[in-house]
Structures are given as C-alpha cells and as structure tokens.
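Residue strings, one per chain:
Number of protein chains: 2
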Amino acid sequence: MIEHKFNDDAAVIAFVRRHTRLFAEDAVLKVSEIGDGNINFVYRVAEPGGASVIVKQALPYVRIIGEGWPLSLDRNRIEAEALVLEAEHAGDWVPEVYHYEQPLAAIIMQDVGDHQNLRHALIARRHLPQLAEHLGLFMARTLFHTSDMRLDAHQKKDLVKRFINPDLCKITEDLFFIDPFCDHERNAINPPLLPVAQALWQDDLLKAEVAELKYAFLNRAEALLHGDLHSGSIFVTENSTKVIDPEFAYFGPIGFDVGSLIGNLLLNWCGQHRLAGDEAEREAWRDWLLVQLEKLWHHFSQEFGRLMREDTRDPSLQNEHWQQRRLLHIWHDSLGFAGTELIRRTIGLAHVADLDMIEDEQQRAQAEAMALHLGRELIMERTRISSMEGLVDLICQLND
Amino acid sequence: MIEHKFNDDAAVIAFVRRHTRLFAEDAVLKVSEIGDGNINFVYRVAEPGGASVIVKQALPYVRIIGEGWPLSLDRNRIEAEALVLEAEHAGDWVPEVYHYEQPLAAIIMQDVGDHQNLRHALIARRHLPQLAEHLGLFMARTLFHTSDMRLDAHQKKDLVKRFINPDLCKITEDLFFIDPFCDHERNAINPPLLPVAQALWQDDLLKAEVAELKYAFLNRAEALLHGDLHSGSIFVTENSTKVIDPEFAYFGPIGFDVGSLIGNLLLNWCGQHRLAGDEAEREAWRDWLLVQLEKLWHHFSQEFGRLMREDTRDPSLQNEHWQQRRLLHIWHDSLGFAGTELIRRTIGLAHVADLDMIEDEQQRAQAEAMALHLGRELIMERTRISSMEGLVDLICQLND
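Line order of the protein sequences matches chains P and B.
Note that the UniProt record's numbering has the first sequence beginning at 1, numbered continuously upward.
Note that the UniProt record's numbering has the second sequence beginning at 1, numbered continuously upward.
Note that these hints are calculated values from the structure, not bench results.
Do not rely on the hints blindly, as some may be mistaken.
List time: in silico DSS-like cross-link candidates among lysine-lysine, alpha-carbon distance up to 30 Å [to be verified]:
1) K161(P) / K30(B)
2) K30(B) / K170(B)
3) K170(P) / K161(B)
4) K5(B) / K170(B)
5) K5(P) / K30(P)
6) K170(P) / K5(P)
7) K5(B) / K30(B)
8) K170(P) / K30(P)
9) K295(P) / K170(B)
Cβ pair distances, simulated, as ranges [to be verified]:
10) E361(P) / E88(B): 30 to 38 Å
11) G91(P) / V392(B): 29 to 37 Å
12) A188(P) / R313(B): 20 to 28 Å
C-beta atoms are modelled at their ideal positions from N, C-alpha and C, and glycine is treated no differently.
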C-alpha cells in the first residue's frame, strides 16, 4: 500500500483541477493510465475532443521489478526541476511543467500525445526532417548552460547538490557498466548470441575501457545531463520534437547524453539490417540514419562551439585551443558511451524494440551481433576516431 | 561585530572546559592567539607545563582581506568533518578532533605545537627521515577510501553533497587558475620578474593546459581532497607528521593533493638555489629534496596501487589494466597541478617564504624564474613525463 498513490480517477482529476485552469468547471474529464515505462504511473487527463494534460506519479520502487528494488521518490522532484531548467534554454523541446507536488511525488505537465514515440517512428522508418537539428540544439543548449563554462562557481555547485541522484544513477552504473560485461542474472541474451556475449566477458582490455567510461560517469560533473536520452524518451512529429522523462538527470559527463542518442540511432541501424520490410527500403533508411548522425553531431558541435566562444563567462575557459580540445573530448566520450548503450541494450536487462522486433531468433542474433561488434569498436577505438567521417567509415566497414 | 566570536580568553577557556575533560578543575589556563593563517582565529589553551589544546574559530570573511571577501562559516564544519574522516583511514597523521560546535564555528582539537611547521623545517634544511612515507601513505589512504573504488554509489554521493564547498573552492579557482595567468590586481610580482610573468600571460598554449587543469578541478569529484596540501598545512617532528587545516576539503581530482605537495617540495628546491647559507649544503639539500620527491611518489603509488588491487569494491573497477592506467593519470594530473602551484606561489597573491626569504631582489628573481619555468614545463609536458626518472631529468636539466 503506497500512501501517496492516487486512489482512483477522481483523485487524479481533482489534483489536476486544483492546480491548473486548463479545463472548464463543467468539463467531463476522462483518465487513462498510459505508463509504458518501468518505474512510474502516467495518467492522461483529457476532455474528449478538448484539452488534455499528463500527470506523472512516482512510486517508491521499480514498477516492473517491485518492492525488492526501492527507488527514492526524490526522482520526481529531480524530473520536475530538470524540465524547468531545460525549458529555460531549450523550451521548444520539452513539455511544459504546470505543477509539481512533492508530497504526492506527482507532476502535472503538457501532454505530447499528438507526438509519436521516436523509437516507434524509427522502427517504422518515418523520415523526420528536423529531428537531428532539434536534438543537436537541445543537447548543446541544455548542457552548455549548466556547465562551468556558463555558470559561476556558486550556481554550479548549488545545482550539483540539488541534482545528486544516487538511486537513478545506480541503475545506470549497474545496467550500463557492470551487467553486460559479466554473466549477470539480470542479463537477457538471445540464445544464439551467447558465444558472442561470453567472448565480451573475457575481454579484459574492453573491460578496462568500460571502467574508464564508468569512472567518468561516476566522477565528471560537467553539466546537468538528461541522463536517459534514448529514443523512448523522445516524442516527435514532422516539425516538433519533445524530450521527456529526465528523472535520471544528474551532473555527469556531457558525452553521456550525446552518446546515448548516437547509440540509439545505431541500434536502429543494426536492427534495420534484419527488421521486416523491403530490403532496399531498409538499406536506404539505414543510409538516412547515418546522415542524421552526421547532422546531429554537426548541429550539436556547431552550437556548443558557438556558445563556448560567445557565452563562456569564466575568463580562464575562454581559451580557443582549449575549447576545441573540449569538443574533441566530448566526441570521444560520446563514442564510448554510445558503445556501452549498444552493448547493454543487446544483452543487458533493458532491450530495445529496434532489435527485439526481429522475429526470427537467428536473424535477430545477426543484428544483435552487429550491435555488439559496433559497440565494442566504438569503446575501443573512440580516441582514434577523430571525426564523423571516421565513424561513418567504421560503420560502413562493419556492414560489408 | 561578529556575534559568534569569543569575546575574551575566559570565553575560550569556558568553551574548552565545557566540551573536554583535558584539564583539572583547578588548573590555571592560559590562552594565546597563534593564528598565522589568513582566514581564521586559532587559540592555544594551555596549562603552563601541562596539557594544551587548540581552538580554531572561523570568521565570516577572509581575515587578511576583511569583510569585502565574505567566506561561509560552513568551512569550519567541513574542516571538522574532514579531520574526522581522515582520522578513520590515516589517524596517525591528523590532529584528533575533540569537539565541533556549529553555532560558534569552532573546533577543539589536539595541539600539535610540539611539531614544527614543514615550511620552516624545509627552509631550515631539516632532514625528516619519515616525511615522504607519512605523506605518501596519508594521501593514498585518505584519497582511496573516499573514492568510487571504495565507497558504494550512495555513500560516495552523500559525501560529495556534504563536502560541496563553493567559497573555498572559489579561492583556489581564482588564485590558482586565473590570477597568475593574466595581469590581475591581486598578483604580487617581484619587479625584475615582471617580463617573465608577462610572457606567461601571452602564452595561449599554456593557458589552454591551465584551462584543462581548472576544468578537472571544477568537475572531477574523484575523492575527498585535503584541498590545501601545502607545506604550511603540515607539522613535523623527526618521527611524526600531522596534516592540519582541511577547510578547503571537497571532492576533486586526486592529483590536486599530490600535485600541491610535489609543488611545495619543488618551491623549496627553487628557493634553496638562492636562500642564505653555504652553497654546498644547499645543493646537497636540494638533492635530498629530489630523493624525497621520489620516495613520496613511491609510497603514494605503491599504497594506492595496493589498495586498488585489494580493496576495490566495485567489480567493474577491479580491472588491472584500468587500475594501472588510473595511477598514470593521477601522476600526469599531479605534475600539472604541481606546475600551477609553482606559478601561483611565485607571482600570485599568496607567496611562500621559501622564495620570499631570499633577501636580494635579483637573486630572488632568479629562483622565482626557475619556479615559473619549471611550473610551465610541468604543465606543458605532464602527459609526456612517464615516470619519476623523467621528472628528475627535467628538473636537473633546468638546474644546469
């Protein structure tokens, strides 16, 4: 029995009416529970044919695992505060927060239900002309404005303290950096793929690089990350992109967000190797994905570079040589974290539909082996891949 | 008017009597204010011929600058908590804390008045056979045990939060990484040295490396640092070493503590080039200093390496390749931070007696130029100096 949980639809509606003025007093409201995530309840409150709003409520444990894996409700505060902070710098690309109520661990926010989940859109090979630009700018602006380049010493440290997020970080620390690299009971491995996974578990040099990435995740409080920037956290239309669910937000290495996104585009690229549909169409789509990858990095790096040049406050960080090198470090980190995302989504606990929807086990294993191989290459070679061209070359070699 | 400040000696004595049982009820106690630091009052309470104790009280501003540079009293809590934490792992080498009282911003602690300040000991060329071992072990144990190698995810983040220390970090951020690399009003420069300083201010490649070190200082929460580990924070006898004053403690890059200490030994090495006394004796002393440098790194790296191998809890950080690489990173960082210490102590606000006691302005400028040159080399070449031998070679070349 969770005391703060809404008992029924009427409680959800009353909560929304108390804290917003979105609905007329005589409007008849309908509540549906739409949460497909793992650790929260998500309600849509809608007037049929009219306005609608989302209520997200956190429970004190991981929903799919149960009370055996407790999770602090503080993540709900962190999500609300992160959304508000992101909106300051990238308001076009996050849902608006209308209200946050700590005792209920509940947020009322804009409904983006007219958007499609990006993972489903990518699986359906839906061309999204503005996606890469929106996400590149979203990351550049949210990350730059919460970094030491922009914030003064006190502001930054106050924010670091507010966003210390041990429960959610622990999930990433385990699921990204431990489980997939050993024979862990939480892993879920397609049987034909087992030998490939076993080879990874023996690979001490790979594990040394993964340790370095984990150490960066644990230690490097560079900027306020979204912290869970996979395709399932993004909703899209032709002209609009909304990034939701920043409950994993904390101060970490900038490349973690960028790498998560790169990794998710590449997971789709691997999956499309064997997903259903016409082969020529799938191959054309995979080429489109690589173009999006280039555009994503282009928009991110151009905007982040511009912000560093124009808006860095700390005089000692205004040095141009250093700023160029910083961008290169972010690139290398991004490739490494993209690699860990590819691997953990293939053999770890939380899979992605981009691979899981390949029905035939053997065909799925081919796409999965590609994801593992690419993941390993990205981690091992990240500091030797100096540009996007180098990355695309590596990817194309893998495809041959 | 500072409300919490002790009004008179009787108030200090009453405070000590209230919170310790060190003195008999009829003991006649004497108070002397012995603070030679810049930001606190330090009282010795002693029974003549008997026991004694130290009371350290923080004021809400920098003592030598005045109310124009306010400083949070929270540093006093941080100092008390850091001393207690250090004592858990390196109790031989820190003064014992008897009491901390938040409303008074005052700590009662062990008196190490039978020890000599290490800076004075080094200037006097006093051989200290156990110094390098004590300090190497002190750093290895305090730093390892507060790192992610040892602490679990929640413990580490709780501590990071407790030791967020913006006011004191800001002092370092400015005095180490900004002032000495530009024509700042806070700098204090020996007139004949001005052209050398001006050349530094034009050196964009150097400033790029300093930016990288500052970024590490700002972002990398690797372990609980002492944060101000210079010769003046260390007290010594032939067989005993006590590290005091951790009010700058915060979670930062491990190499910052190690580098501060290396930098201070090298400042003395530079000063002894031109300090008073017999030249042969000074040169022999400088050789002894280089041996101490080797021993310091030897003891630190052996102990830190042993702790990583034997006591790392996180399975993903138990990788041997990674642990070796981590130690090399700490070495490179240490050299870089040693370089910034050399430079900021020579032309920044806070000088050291190792150089300032050279009476003749021209002679002093020679030793100071050596410190600046060595500092620059350490910063620029740090990732190319792969061992202690490489460092000693570099230093000896400089001396020719």
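Cross-check of the supplied hints:
no. : hint                          : verdict
1   : K161(P) / K30(B)              : violated, 43 Å
2   : K30(B) / K170(B)              : violated, 36 Å
3   : K170(P) / K161(B)             : holds, 16 Å
4   : K5(B) / K170(B)               : holds, 24 Å
5   : K5(P) / K30(P)                : holds, 18 Å
6   : K170(P) / K5(P)               : holds, 24 Å
7   : K5(B) / K30(B)                : holds, 18 Å
8   : K170(P) / K30(P)              : violated, 36 Å
9   : K295(P) / K170(B)             : violated, 38 Å
10  : E361(P) / E88(B): 30 to 38 Å  : violated, 53 Å
11  : G91(P) / V392(B): 29 to 37 Å  : violated, 56 Å
12  : A188(P) / R313(B): 20 to 28 Å : holds, 26 Å
In this structure, the hints that do not hold are numbers 1, 2, 8, 9, 10, 11, in rising order.
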